[in-house]
Structures are given as structure tokens and as C-alpha cells.
Amino acid sequence: MTTVEAGVAGGVGTSPKRPDGGLKVRGEFAFSSDLWADDMLWGATLRSPHPHARIRGIDITAAVALPGVYAVLTHEDVPGAKRYGLEIVDQPVLAMGEVKYQGEPVAVVAADHPETARRAAARIVVDYEVLPAVTEASLGVLLRHVPIRTGDPDATADVVVTGEYQVGMQDQAFLGPESGLAVPAEDGGVDLYIATQWLHVDQKQVADCLGLPAEKVRLTLAGVGGAFGAREDLSMQVHASLLALHTGRPVKMVYGREESFFGHVHRHPATMWYEHGATRDGKLVYVKAKIVLDGGAYASSSTAVAANAATLGIGPYEVPNVVMDASVYYTNNPPCGAMRGFGAVQACFAYESQMDKLASALGLDPVEVRLRNAMTTGSRMPTGQIVEGPAPVADLLIRVRSAPPAPEGSGDLREMPGGVSNTTHGEGVVRGIGYGIGIKNVAFSEGFDDYATARVRLELIGGEPAVLVHTAAAEVGQGLVTVQAQIARTELGVERVTVATADTSVGSAGSSSASRQTYMTGGAVRAACQAVRAALLARVGGARLDGGKVLSDSGAVIADLASVIGDGPIEETVEWRHRPTYPLDPVTGQGNAHVQYAFAAHRATVDVDVELGLVRVVEIVTAQDVGKAVNPLAVEGQIHGGTAQGLGLALMEEIQMVDGIVRNPSFTDYLIPTILDMPPMKVDVLEMADPHSPYGLRGVGEPPTISSTPAVVAAVRAATGKALTRVPVRPEHIVG
Amino acid sequence: MDFLRPSTWDEALAAKAAHPDAVPIAGGTDVMVELNFDRRRPPALLDLTRVAPLTEWGTDGDLLRVGAGVSYRRIIEELGSRLPGLAMASRTVGSPQIRNRGTVGGNLGSASPAGDAHPPLLAAGALVELASVRGVRRVPVDGFFRGPKRSVLEPDELIAGFLVRPGGAQQFAKVGTRNAMVIAVCSFALSLSLETRSVGTGIGSAAPTPLRATEAEEFLSRELDWEARGPVPPSVAQRFGELVAAAASPIDDVRGTAAYRSHALSVLARRTLAWAWKGFREVGP
Ligand SMILES: Cc1cc2nc3c(=O)[nH]c(=O)nc-3n(C[C@H](O)[C@H](O)[C@H](O)COP(=O)(O)OP(=O)(O)OC[C@H]3O[C@@H](n4cnc5c(N)ncnc54)[C@H](O)[C@@H]3O)c2cc1C
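Chains as they are written, first to last, in this note's numbering: chain D, 1 to 736; chain W, 1 to 285.
Any given hint might turn out to be false.
To be verified - With the Cβ distance kept under 8 Å, some of the chain D side facing chain W (calculated, not the full set): (1) Val540; (2) Arg544; (3) Thr668; (4) Asp669.
Everything labelled a hint here was simulated from the structure, so no lab data went into it. Ideal Cβ placement from N, Cα and C applies to all residues, glycine included.
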């Protein structure tokens, strides 16, 4: 049963062309915002301008009176559950008597033209009584506290370094705004075409709010323009469905760019206090840490983010004594939830800054102090969990350190801080180098029943064997469609593989998040293929497949693959699970909460114009263990993209909030790195197989985002000598 | 919304006179953003892209005359040596797509305090040529801006182009929080003329309008060693930087703090002075 077909092109370990690649580059890919139905209406959302207010009344008269308007709905029109949520059902579909953050949806409109819908929404009169807003996490209501205690809480050490660190509110900044099309169905249900990360969790929440059984709410994945966590929560799913059911017409909703900033959750801003104690030769004795996360107005996935921050919060280091408290609070800021790195990002900025501080207190090289404490196979996490499988922390660090130094600049303006903006010809420019390493859990944790479903069908098409793979897993741009086909080719030895559009007519695949889909849906596809193969072999009493032939134990050809399938297609559906995880003890935080750990290290080289505070990242070197590069090109893409997102957090990306109001909801002022900000990268991919995962693979998507941020900031510190305890680092922090 | 498409300059002026609330559109890189964001719904658009003379440039006596519809890309490619300051500024505008479509006339039309073409035009002492069916007038660019996004342009007028005296040493530098595609946190342009022994400056994104640092100009033109073109004493550069910063009235906003802007302006002033002066010393008279 472990026989894997060799010799089929485009299998596991190769990088076949992805089907959406050319289309996207040419601008021809159909995103969810391109959906169309002939008689469709357009939806629009009225949102709260206030971070906190009581709603005394909503007058929709003027909106309804506008010609072309078909429906104006408020919370009173929500037939089922009035609230939804990923972990805690606390978020109103439409505000009920109170708004708790700026941008909270209050009413929705359907009209025959998008502009009419927007104008109608603007005519709705909402009588607000503005209330004081809580915009400081520490003053908010506690949502979850995750303590971790291991060893002696009163341990002391020769050398102690302390620090307070802050991470601003980062946005996922996906390019395709929230959008979808809801089509009312004859059975009283709705067909929803939607860009999302997890069809089934949307299905359940939408069905609950519509008061319909799940089978009457059918979801099909539409073209997703990036996700990064921002599509885990509902946005317009219920709204469009409500409007469609109300009007009996298909309803399309597309958020504009500005609205998109209010349409999804963001990365939790964090304030973190750390104390590291070490021996004089640089061995960590204890870490005490307190992490405060701003969860915003509704829970979203905050409770899991807090658990990640706590359990991963001292980094990939062996520390005998740990006192960790991570807490997340409700405030009247926008809700925060999933974003690539999921709680591990914030903590990594703090613990890596601390490791650098410790190195300088000890007079040690920053890599050296990390090496002396690097976790390895068999190390104990502060949760008591033993790290199984490869944990090449030291190896990754040594690899990035030993890469040749970044080249000196050629003097071309584009290589200078400021680029062609011509702010320096070398004046004030100082080079710095910094390191970072991080740890991330892969897949869902804390005892969550994490599974993925795959249906695989082997049949003859035009006399040739062909495979159809059907899952509900969301291709969000990461290349999952390609990976599913690769796995089927490898397992069944059939080159011709079609991956059906993801929808809810097959079981749940779980979310395209937590770096889990190649592991989970890949694992399910592999298992389903194996089941198909077993059924196929059983038909003729064969032992294995090779080169399109069924062979006996002794290797004799029993039959042609095509002739065996000729007796009828073979279809198998498999629900596949990773090894179970367990909850954390609520008092001590002990428990085998995670199923797999992933590691990446970064070395950043920067040139800083120390007089103007402008930074040009010159080069980034990274090393990451991926267990098995199922698609090497896609792996590299994830590492480049994730690193860029981490660089963005280090240097520019922040949703700026003042008193609960977003000041920069646009790409004019929410800056993400351009190609001129992202330096060339050297990517070192290690493949150290995990004994428990399909093909030994390790989740790839998140680790690059985690350690790139502290590496870039460390490099800027090295160049400037400034403490830089907050990201993103702004020019005024450097010159101030 | 009406879409007016004149094909000659006279037709364009007549259309603007007949429809004073029609919004001219050149590259559309500001206008279309405003329409998309629903910030503006004018009764009519007046498309200027078919008016050929707007896209031409040539000489007018000893001045260079550039049509309002010349794109940033063409400024860089065709006028880089004659108008180096404006070309440097053009190079910092948006992305290649924006530079292909965006025009200096459109930048003036928007009159944003952050418009990147403005500081080099101020430093070079440019004239803006405004026209209507009533006639033509030439306004010094430092009298063109009246407030944030406001100018002296009358409702029946169009911007025909701008005029500058080519030559001298010019520099432009812009601070942004990323290395491309960024609105200026602040910017500075400098123009030095050996012939007239004069100094021109332009400050962007650090006051309600783009503006000159007049006191800094006067100070520097007095202090520079025009005769022997000797090195600029550090104290002079320092003082020049301070005077430039003092001319601005920056605010704190999402892009930066007022204090940072003042500091950055003084640094940019010193640096651009060093580069421009070095050009003279190396090139000779
Ligand atoms: C992505 C992006 C990036 C950008 N980056 C920058 C940047 O880095 N720096 C910068 O300065 N700007 C930037 N801009 C703004 C814009 O590109 C510039 O202001 C540009 O110069 C506008 O020129 P246009 O021809 O596109 O003007 P349009 O949008 O066509 O017009 C702009 C205004 O000028 C008026 N107008 C145009 N021509 C005339 C005329 N002949 N007579 C009278 N009025 C006229 C219009 O009515 C309108 O009010 C950016 C814009 C975008 C979308």
C-alpha cells in the first residue's frame, strides 16, 4: 500500500505550471468581483461612523423611496440567528441597538445599480447616541487569558534583560476585495458564490443566520484574490444571501478598497513585556512575559490567537522556567482575528528583540546566543510538549549566517534608501545586519477536531485513464489546486488529473489557514487516492501499479490499468485527520496542544539613511525546513511572499487608529512593500521529513512572515543604535 | 454625465466657456480616482486628450514652453536634460502606468500640496499659462496656488502649459515611507542659476500649498561664492537648511509628524545644495 508510482510527469516534488498563473498575469482571471448574473441586483452596506454608539432608531424611508431600490434590510429582517462568530457567536449580522466599532454593518440595500445601492444606503437615517469608546486593550473586557507555567517561577539569573515591545495593527491587504454573488434557489435556499478560506464554516454560519438547514445553503468557491486570514470570518455572505432571498433576485456585493479595510479583521496589535534571565555563558534560565492583545469589538479567532502567542511566545528556545501570560481583550477598535502568523508574529518580534538585547548584554554575537539556546528534536516546549521530528533551529541559523555577505551597492539610486526619490547619494547611509528565527504551529490545535475530506474518482475519458479530485479546499492563491493534482498523479500514476471547483457538495476540507492545507487536504487526497488504488487492485487481485499496468506480487503484468477501469469508475471519499491534539491546562498551560512545528530563520541586510530615517533592505537570506517541497516553486513563492509581508510589518504596514477611528483606510496611506522595497532573496529550503505527515511535509506559508520582521528591525537597530521597540518602525523613530 | 470631446484648442476653450462646471480630464489619474470614490459627480467631463497642442513642447523666445498634456514619461525621456529638476520629480511620481498617463497640467489642475511637479516648477520660477475664450494670461507659479487643492484657475479657464527658463543646476528630492509609489511626506526642489546668480526653491507637502522658501533663497544667493565657485561653508549649508525648514508650516498626519518634516526638509535642503553646487564646480562655467 505504500507503493508510489514513479515516472509520471507533474507529480509530487515537481513544479508544474499552475492553471491560474497565466490568467492572473494577463489580467484575465475571473475573481469573485467579476461574478455576474443577468438579472442581478447590487448590494451595499451602511456602516457605523462611530466606534461606539447606541442606535435609537433607523429610518429607512428615504432609502426605500429611491427608484431602483429593491430592499433595505436591518437586523429585524434577519430570520435566523442574529449573531455569528468563528469561536464565540457574538457578532451581529446587522447592528442591534448598538454599534461597537467604526465600520460595523447597520443596514444593507439591494438596488439595480451599485451606485443606486450606495446612494440609498447613504439616505438611511440612523439616530446614534455616541458613547465613550474603549480603545486601549488593557482597559477592555477580558476575552481570554492563557497562562503558561513551567519550572520555578522565582528562578533567578546572572544576567537579566527586560523590554517592552509593541506591534501595530497590520492588515492582510489582499488585492481582491470581499465579494460574492448570492442566487436564490427554487427550494427556498440560496446558492452562494464566494471568495473565502473555508466554505463549510461559512455555510454553517450563513445557514444559521438565514434560519435554513445547511443543505439549502450551497457554497461554491469563486476566484479568490488573496486571503492571509482576512477571509476566515464572514463579511458579505449573510448580507448578500438575505438580500437575494428577500428580493428573489441574484444579488452581488463587492466592497470597494476603502470599505474592505472595514470589511475584515486585522492582525492584533500587541503590547508585550519580557524579562529574560541567563547565565553568564548565555544559557537561558527563565523567561517571564506578559502579552496583551487588542481583540477589537468581537471575538473572531482571538482566543486561538492568544493561545498561539502564549504557547509559541518564548520562541524556538529551550527554557527551563517560564511564566507566560497572554491575554486578549474586547475593545471598540475594529475586530482582530486571523492573519498569517496568527499570534506567533507579535511574540517573535518581542522574543527576538530580547535575544539581541541579551547578546549585547553578554557581549555575544546575536547568532551565538541563539545557538546556545536553540531547541532541537526532543526539546520540551514550555507547555510540556516534546518537540518530535526534525527541529533544525541551529542548522537554520548557521545556514543564514554562513551565506556570503550582501553585495556592496553599485551607487544606482534604486539601491539607495529612498530609491529614485533622490534623497541620498550615500550621505548618512549606514549598513546593518540582523537575524531572526521563529516557530509556528501547523494546522489546528488545542484538541480541535481537524480534518479534511477528499473525493477521488478514477475513470476512463476517451478510453484514457483520468482522475477527478474533488474537495472543498479553498485555493486562495497558494497553489493548492496544483498540489492536489500533483498528489493524485503520484499516487495513481495517471497524468490526466482534473481538480473540480471547490464547493459544499463534498465534505469539509477545513480552512486554508494555519499553513495546513497541503498537509490536511493534501493528506486527504493522498488517502483517497490510496483507497481508489486499493479498490482497483482488488478488482483483479493485483499487488501494485506501474506504468499504467497492474502487476502481481511477482511483478507479472495482470492487466492494463485502462481495462480494469473499463469495468466502471472507482470513486472513494475519505475524511482524513492529523494526530489528535489536546487542550491546554487552564492554570498551568501544560498540554500537547500542537501537532507540528515549523521553523524559519532570516538574515536581513539593510542600508539606513540615519539622518532621514529611511531604510532600504538590501538583501534577505532565509532558511526554512519544509519537510518535503511538494511543489518547490510554490514553496519559494510562499517564502518570498511571507518575507515581504514581514518586511512590511517591520517598516511600513499599519492601520493607524485614533480613538477607534481608522485614519488610513486606503492603499494611498496603508503602504505595502513594492518591488523596489523588496530586495533579492537567497532562499535555502531544507527537506527534513516529518515522520507523521504526508510525504514528510511541513506547513510552509506562515514561518517566513514571522522571523523576517525581527530580522529587519535588528538590522535597522544595528545600523542606527536605536532601541526601536515598536513596529512598524517609522522614519521619525530613527531620527528622533 | 456628459462627455465632451473637443478636438481643437479653440473648441476646448469654447466648451469650457459654455460648460464652466465641466471637469477637464487629461491623464485621468486624479479625476478617475475621485469619480471611483464617489467624491465627485460633475455634470460633464471635458476630455482634453484629443487636443494636440497640449501634448507639444517647444521654445518661446528664450523660454521653454511645455504643453499641459505632456506626460511625466515624456518629461523624463524628452526633457530630462533641459528640465532636470522636473524630470527628477517626474521620476518619483507613482508607477510606470501613472507616469505614462499623468500630466504636469493635471498636477497643476489638482493643485495638491503634495503634487510632485510643483516644487521644481517653483524653484525654476515657472509661469503657468492659462487660457479662456477671454484671452491668455501667464501667472508666476508661486502665485498660482491659493490653498489646499485650490488655484487661481477661473471656471472658464484651462491650463495651456507652463514656461521655464532652461539651464542652471537643478535638484529634487522627496521623502516617502517606501521606496516607490508614495505620496511625499515632504519634498524639496532647488535651482541655481550662475547667469543670474539666483537661487530658487520649492517645498512640497509641508504647508497648505506648495511654496518657495524666499528667505532661504535670498540668504543663499548672498552667501554663495558665485565668482570662484568655492566650496559652500558648512555653516551656510546649515543655515540654508534651517531657513528652508522655517519656511514650511507642516502638520502631523498619517504620513509623518510636523517635527520630522521640518527636520527632513533641512536635510534635503543641505544635500540638494551640495549636489547642485558640486555640478557647477565639476562642469565649469
Ligand atoms: C496610483 C497613483 C499614484 C500617484 N502618485 C503620484 C505621485 O507620486 N506624485 C504626484 O504628484 N501625484 C501622484 N498621483 C496623482 C496624479 O497622478 C497626478 O496629480 C497627475 O499629475 C495628474 O495628472 P492627470 O493628467 O492624470 O490629471 P487628471 O486626473 O486628468 O486631472 C487632474 C486635475 O487637473 C484638471 N486638469 C487637467 N488638465 C487640465 C487642463 N489642461 N486645464 C485645466 N485643468 C486641468 C482636472 O480637471 C483635474 O481637476 C498619483 C495618482 C495615482 C492614481
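Structure-based check of all given hints:
{"no.": "1", "hint": "Val540", "in the structure": "violated, 60 Å"}
{"no.": "2", "hint": "Arg544", "in the structure": "violated, 55 Å"}
{"no.": "3", "hint": "Thr668", "in the structure": "holds, 6 Å"}
{"no.": "4", "hint": "Asp669", "in the structure": "holds, 5 Å"}
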